[in-house]
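Put together the whole structure using the sequences plus the hints.
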Amino acid sequence: MATLLDTLNEKDRFANSIGARLVEIREGYARAELVVEERHLNGAGLCQGGVMYTLADLAFAGVANCHGILSLGISNTITFIKPGKLGDHIIAECTEQVNHHKLPYCDVRVTNQDGDILAMMTGLAYRLKKEYPFDTLM
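Using the working numbering, read the sequence shown as starting at 1 and increasing by one per residue.
If you are wondering where the hints come from, they were derived from the structure by calculation, not from laboratory data. Please note that a few of the clues may not be correct.
Using 30 Å as the maximum straight-line C-alpha spacing, the simulated DSSO-like pairs for lysine-lysine come out as follows [what the hints assert, rightly or not]:
1) K11 x K129
2) K102 x K129
3) K11 x K102
What follows is the structure, given as structure tokens:
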């Protein structure tokens, strides 16, 4: 049985390559996680912003596609609030704000293991006229 969670974890090669994993998808909600490793650090020794963006985008993909219609991000805005550090367990939680038939809109909150907000992202997707088949979300 194919789940959306397994499909996105397997087919998003870039997110997979940095260790980002979807751990939960429900209708209108998704959660992705990763632990900050040496390979995720920028020149200042902090978590590279692109790592947090990729994690947020993975959670966004879970929500945008949870209705079974192929949806691709067309506009995302991320604001970095606090840096992630080596060893941090980073969590991206995405919630659907508008389930529009063409342009779904979501908010993503990126936090660490202590609940500190590291970044906030908004995401707008475009729903193609193509089914994105899966048997269950998880």
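Check your understanding: Straight-line Cα separation of K102 and K129 no greater than 30 Å?
Key -> Within the cut-off at roughly 9 Å; holds.
Check your understanding: Taking 30 Å as the top limit, are the C-alpha atoms of K11 and K102 close enough?
Key -> Answer holds: K11 to K102 is near 23 Å, not above 30 Å.
Point to revise | Distance restraint between K11 and K129, which requires alpha-carbon spacing of 30 Å or less | key: holds, 20 Å
Checked against the numbered hints above, the structure breaks none of them.
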